[in-house]
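Peer 1: Line order of the protein sequences matches chains A and B. In terms of the working numbering, the first sequence opens at residue 46 and continues consecutively. In terms of the working numbering, the second sequence opens at residue 2 and continues consecutively.
Because the hints were derived from the structure by calculation, they are not lab data.
Here chain B is said to cover these stretches of chain A; the calculated rule only asks that three of the stretch's residues, wherever they fall, bring their Cβ under 8 Å from a Cβ of chain B:
| no. | segment |
| --- | --- |
| 1 | 173–181 |
| 2 | 187–197 |
| 3 | 370–378 |
Cβ-to-Cβ under 10 Å is the rule here; a few derived chain A residues that face chain B:
| no. | residue |
| --- | --- |
| 4 | G119 |
| 5 | L121 |
| 6 | L123 |
| 7 | A184 |
| 8 | L307 |
| 9 | F311 |
| 10 | A360 |
| 11 | T361 |
| 12 | F367 |
| 13 | P382 |
We put the CB at the ideal spot given by N, CA and C, even for glycine.
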Amino acid sequence: MLYREAGQFKASFAEDMQIFPIRQDRIAIGLLLAFAFFGIPLFASEYWFSAILIPFLIFALAALGLNILTGYCGQLSLGTAAFMAVGAYAAYNFQLRVEGIPILVSFVLAGFTAAAVGVLFGLPSLRIKGFYLAVATLAAQFFIVWVLTKFPWLSNNSSSGVISAQKIQILGFSFDTPVSKYLLVLGIVVVMALAAKNLARSGTGRAWMAVRDMDVAAQVIGIPLMHTKLTAFAVSSFYCGVAGALYAFCYLGSVEPDGFNLDLSFRILFMVIIGGVGTVLGSFLGAAFILLLPIFLDNTLLPTAHALGLPFSNATVSHIQFMVFGALIMFFLIVEPHGLARLWQITKEKLRLWPFPH
Amino acid sequence: MQFFFEALIGGLLSGVMYSLVALGFVLIYKASGVFNFAQGAMVFFAALTVVGFVGKGVPLPIAIVLAFGAMVLLGLATERFVLRKLVGQPPISLFMATIGLTFFIEGLAPMLWGDAVQPIELGIQDEPIPWLLERFDIVVSRFDLVASGIAAALVVVLAIFFQKTRIGRALRAVADDHQAALSIGIPLERIWAIVWAVAGFVALVAGLLWGSRNGVQFALTFTALKALPVLVLGGFDSVAGAIVGGLIIGASEKLAEIYLPPLMQAGFGGNFGGIEGWFPYVLALLFLLVRPEGLFGERHIDRV
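For reference, chain A alone in the conformation it holds in the complex:
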């Protein structure tokens, strides 16, 4: 009843091509954004900001980056965390070494640095694909973390490569409370998510999808393979790099190279798989799911076990977390390979017809 697009006629090409063609979608997105910008800061507690909302947005951005590469362009990467690390360290160094550089500029430059590194490690993708590429991106993962640990210049000679992010100041206003950091991250993520959604609908995005579906066929119809794959690597790494910079500056404050380990890469990959491969919405749903699941398990398993009198320790809970993650990945791949985003889409299709399905 509510979700029906009947009567919404598109009179011009621009209207037909707009990013949210259905009026209800536009209203919903508008409300959601208004709620995120104005509603949440009114009542969310400090814990919510610094432990859930900020990491959620940052991981969603990183997942979006990986989704561009894996979901849209079909190149599996296991080195996401390393590209995030490049972003974090690049932003730190730009702040440190360039006098008076605005923080947002250094975030963007960090993104470009990560993009350059991404292109470098994306070069093998021109000759190899599938598992082989996964191994090649593992090289990026281990090599980059090692470089960040061993070259003291990159972390300003701190021991074992730990960096402490500088204070964030934009136009004299300092972002030091969780709320202000949240708003900053939210602003960046919204802009970049909209950009990604648009990019996916553009010629570049269509070329990515053609390469994903079958690269030889894409090449035959005249899509330049090298250019397409490398732009996917560049854009993806740009997103991951900015996410990494935010991870260091707005979430943790101080990071070490080992924090960007293979485990983090896997977690982001899981967000993409569970959220939905090849959708912008899926990155957000997946990030929320992967982030909230451990918290949910922590809060439910121990009390339940105690109530039942089972001998559960914290270690057991973490083992169960591993198992649940693994089982969920397999479950989603078997039952719903397009993830949570697809479930949402099905709901929308149903809502269109509801309550008269014929």
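We have chain A already, so just place chain B on it with the hints.
Peer 2: Relative to chain A, chain B alone:
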């Protein structure tokens, strides 16, 4: 020079251990086209099961048999509940499913058996062989030698199994073309079950050897990651490739660890240890640029 040989031999012998893990990957990949990322987790699971049974007072040989049983069960369950449902999906989905399986096993194993670091006693001393020490003044561990002997024996047995037996022929047929194999009456599901059981056995052997060397611990799962560059170097579908790749990776990472840091130190200053951590991957990466199908892999032709 003598030091060089010592490092080389040490590297080659540890390379054999990588080959052992890589072998498990190759077996499953050959027979079902699944790139089983969970092989490392299976190694961990197998070793932990043996240790767990021994801890319960079961004698070692029986514990090994029981662990083999557990591996077969695990393989069968994987085939039945995960892979069979994913038949016909793109290989990359299967690959990601095995990543999920990895996490599942990494949670399951310590939950069943506890997560303390535990030793396995196989009764082989990790000491230099006196004869070599006297003759050539080279330190070669007896344990490494025995381990590589076992690995070599395993490879020979597997090669005979693949080439000469009925099941081996069926396996190769399945690897070649699932549908064609089905149409001439080869039971696909039974073949896959056998492959997973054999891969479980290889994982068990690898787990025993690695475990008795470094102790059974979570870090065992990382050895599997080292097996990946071995596979890239050797080719995913070649048993011989897994062996040769393992030797190359093992030797080169040892030599790189010894000879590269001083060079880099001279160039940049600072401490550059830990090259072993990434060297195999970068080597594999460079190798991929030259020969994407690996040393012994079959060249793959894409058709639209």
